[in-house]
Amino acid sequence: MTPSVLAALAAFALVTTVTPGPNNLMLLASGANFGFKRTLPHMFGIVAGLSALTLVVGGGLMKLFQTYPVLNVWLSIVSAAYLLWLAWKIGSAEPLKESNSSDKPMTLLQAAAFQWVNPKAWAMGLSAITLYAPNQSLVSAMMVASVFAVVSFPAISVWAWFGVVVRKWLTSHRRYRIFNVSMALLLVASLYPVLNL
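For the working numbering, add 22 to where a residue sits in the sequence shown, where the first one is 1.
In silico lysine-lysine, DSS-like type, Cα no more than 30 Å apart, as pairs:
hint, residue 1, residue 2
1, Lys111, Lys59
2, Lys190, Lys59
3, Lys111, Lys190
4, Lys59, Lys126
5, Lys126, Lys111
6, Lys190, Lys126
Bear in mind the hints are in silico, worked out from the structure with no lab data behind them.
Working from the sequences, and respecting the hints, build out all of it.
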């Protein structure tokens, strides 16, 4: 991979990971609800899951989806159902002081596993492999996955940090409810542009 292609890949990874989508909206909500430090495992899980997904897609899974297009339909259905469930959980969450002790941010493993049903993660992985590793060799896929691992953490951290900033505004039950319902609606809206894998 030439330096110019690597720079283009890094720019692609930055733009796709910093723009709104399911991961970033959930990080915004998590930062507001739990703070930055407690959201770190969620962020590390996103990086690990997205990198693993991109590597597996480039290592051969993309060919399976090309051979059996019905898999795209099933992935869309499972992704939409899971995101709707997550939106419900976010929208119905109670303020921390009123919630029970079972309320906690996503763990590293949960966030990593979520990437496999995140339609934006699939769209990013498939696009990155198509554009920057067209030969779909394992080495090229490893390079793309590595760039995503390096670039995505600072990009998504902005969203968790912004959630912490918003937290200072969430001083009443009404504001908290408005925020969580808004995050849930935005999460549902984020399905629209990315479900066409």
